[in-house]
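Q: With chain A held as given, fit chain B onto it using these hints.
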Amino acid sequence: EDKVVQSPLSLVVHEGDTVTLNCSYEVTNFRSLLWYKQEKKAPTFLFMLTSSGIEKKSGRLSSILDKKELFSILNITATQTGDSAVYLCAVGGVISSGSARQLTFGSGTQLTVLP
Amino acid sequence: NAGVTQTPKFQVLKTGQSMTLQCAQDMNHEYMSWYRQDPGMGLRLIHYSVGAGITDQGEVPNGYNVSRSTTEDFPLRLLSAAPSQTSVYFCASSYSIGLVYEQYFGPGTRLTVT
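Chains as they are written, first to last, in this note's numbering: chain A, 1 to 115; chain B, 1001 to 1114.
One should not assume that every hint holds.
Said to hold, decoys possible - In silico SDA-like links for lysine to any residue, alpha-carbon gap of 25 angstroms or less:
1. K67(A) / V1113(B)
2. K40(A) / T1070(B)
3. K3(A) / E1102(B)
4. K41(A) / I1054(B)
5. K68(A) / S84(A)
6. K41(A) / R1044(B)
7. K41(A) / G1053(B)
8. K68(A) / E1102(B)
9. K3(A) / G59(A)
10. K56(A) / I73(A)
11. K40(A) / T1055(B)
12. K57(A) / Y1104(B)
13. K1009(B) / E39(A)
14. K67(A) / R1044(B)
15. K37(A) / N75(A)
16. K40(A) / V1050(B)
17. K41(A) / T1086(B)
18. K3(A) / T1005(B)
19. K3(A) / V1113(B)
20. K40(A) / D66(A)
21. K41(A) / P1083(B)
22. K41(A) / Y1095(B)
23. K68(A) / L9(A)
24. K40(A) / L1111(B)
25. K37(A) / E1059(B)
26. K41(A) / V1113(B)
27. K3(A) / A1002(B)
28. K40(A) / V1012(B)
29. K3(A) / P1061(B)
30. K37(A) / T1005(B)
31. K41(A) / G1040(B)
32. K1009(B) / T44(A)
33. K40(A) / S1067(B)
In short, the hints are calculated from the structure, not lab data.
For reference, chain A alone in the conformation it holds in the complex:
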């Protein structure tokens, strides 16, 4: 059974801190790993990673994938109160029939950034 585990479950930091969110996975026929941000509404896409060791960066957020050790991290530097959200990791694999792809989501990390 496919599994995605995120840690920590929740994190409280102060503005300006740097945080690292973790995602480990066991997925059949791995295709890609995606990070989403969810602020009390629909998840919004942050990154998609398919290759090991290549960092994806967007402003203060960055992410990297290790396909050998089956994990990814999401870093947020100089955190702001607007970064408060649930961060979801999802891993895409191919189902057994080989004809379709689906995402398995972790339960998320609740990040709270205090002023």
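A: The following block gives chain B in isolation, referenced to the frame of chain A:
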């Protein structure tokens, strides 16, 4: 481009009632899916479709039916609502091309079954 739209935004049902959650996308995406999100459980896949006329079960399909008669629409039917189906439901769509399947989510439907 409206993206992925869902109706209704909120719904309260009594146990045993049936209803349909609507989902539509205007991006010509092949792949559409329904998730439910419960506290501490992340998003769990209910049903998905890889194209018109093709649907399949996800992780938690019991109590739900879907159909995909057009590329644009992917309704989710609750046949006989139960309190365990109280949840937030998200519809999502994506291209189904090679490795690329970033999913675009609708705004969600908050369903309460009493």
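Q: With reference to the structure, classify each hint as holding or not holding.
A: Hints, verified against the model:
With a CA separation close to 42 angstroms, the supplied pair K67(A) and V1113(B) exceeds the 25 angstroms bound. Restraint check for K40(A) and T1070(B): the C-alpha separation of about 30 angstroms exceeds 25 angstroms, so the hint is violated. The straight-line distance between the Cα atoms of K3(A) and E1102(B) is roughly 19 angstroms, inside the 25 angstroms bound, and the hint therefore holds. Straight-line distance between C-alpha atoms of K41(A) and I1054(B) comes to about 28 angstroms, which puts the hinted pair past the 25 angstroms bound.
Of the pairs offered as hints, the one joining K68(A) and S84(A) is violated, with about 31 angstroms between alpha carbons and a cut-off of 25 angstroms exceeded. Straight-line distance between C-alpha atoms of K41(A) and R1044(B) comes to about 16 angstroms, which keeps the hinted pair within the 25 angstroms bound. Using a Cα cut-off of 25 angstroms, the hinted pair K41(A) and G1053(B) is violated, with the two alpha carbons roughly 30 angstroms apart. Of the supplied pair hints, the one linking K68(A) and E1102(B) holds, its CA atoms being roughly 23 angstroms apart against a limit of 25 angstroms.
Of the supplied pair hints, the one linking K3(A) and G59(A) is violated, its CA atoms being roughly 29 angstroms apart against a limit of 25 angstroms. Annotation: proposed proximity of K56(A) to I73(A) holds, straight-line Cα distance about 11 angstroms (limit 25 angstroms). Among the hinted pairs, K40(A) with T1055(B) is inconsistent with the structure: their alpha-carbon atoms are about 29 angstroms apart, more than 25 angstroms. A hinted pair counts as satisfied when its Cα atoms are at most 25 angstroms apart, and K57(A) with Y1104(B) qualifies at roughly 20 angstroms.
This hinted pair checks out: K1009(B) and E39(A) have alpha carbons roughly 16 angstroms apart, not beyond 25 angstroms. This hinted pair checks out: K67(A) and R1044(B) have alpha carbons roughly 23 angstroms apart, not beyond 25 angstroms. For the given pair, K37(A) sits about 13 angstroms from N75(A) by alpha-carbon distance, which is consistent with the 25 angstroms threshold. The suggested pairing of K40(A) with V1050(B) is violated, with an alpha-carbon distance near 28 angstroms, which exceeds 25 angstroms.
A C-alpha spacing of about 17 angstroms is found between K41(A) and T1086(B), which places the hinted pair at or below 25 angstroms, so the restraint holds. At roughly 29 angstroms between alpha-carbon atoms, K3(A) and T1005(B) are farther apart than 25 angstroms, so this suggested pair is violated. Under the criterion of a C-alpha separation no larger than 25 angstroms, the hint pairing K3(A) with V1113(B) is inconsistent with the structure, at around 29 angstroms. Distance check on the hinted pair: K40(A) and D66(A) sit about 30 angstroms apart at the alpha-carbon level, beyond 25 angstroms; violated.
Pair hint K41(A) plus P1083(B) holds up; C-alpha atoms about 22 angstroms apart against a cutoff of 25 angstroms. Taken as a hint, the K41(A) and Y1095(B) pair is honoured in the structure, with Cα atoms around 22 angstroms apart against an allowance of 25 angstroms. Distance restraint check for K68(A) and L9(A): the Cα-Cα separation of roughly 24 angstroms lies within the 25 angstroms cut-off, and the hinted pair is therefore satisfied. The hinted pair formed by K40(A) and L1111(B) meets the criterion: a straight-line CA distance of about 15 angstroms does not exceed 25 angstroms.
Taken as a hint, the K37(A) and E1059(B) pair is honoured in the structure, with Cα atoms around 22 angstroms apart against an allowance of 25 angstroms. Taken as a hint, the K41(A) and V1113(B) pair is honoured in the structure, with Cα atoms around 20 angstroms apart against an allowance of 25 angstroms. At most 25 angstroms may separate the alpha-carbon atoms for a hinted pair to count; K3(A) and A1002(B) exceed this at roughly 33 angstroms. With a C-alpha separation of about 19 angstroms, the suggested pair K40(A) and V1012(B) falls inside the 25 angstroms cut-off, and the hint holds.
The suggested pairing of K3(A) with P1061(B) holds, with an alpha-carbon distance near 18 angstroms, which does not exceed 25 angstroms. About 19 angstroms separates the Cα atoms of K37(A) and T1005(B), which keeps this hinted pair within 25 angstroms; it holds. With a C-alpha separation of about 15 angstroms, the suggested pairing of K41(A) with G1040(B) holds against the 25 angstroms cut-off. Of the supplied pair hints, the one linking K1009(B) and T44(A) holds, its CA atoms being roughly 18 angstroms apart against a limit of 25 angstroms.
At most 25 angstroms may separate the alpha-carbon atoms for a hinted pair to count; K40(A) and S1067(B) exceed this at roughly 28 angstroms.
When the structure is compared with the earlier hints, violations turn up for hints 1, 2, 4, 5, 7, 9, 11, 16, 18, 19, 20, 27, 33 and for no others.
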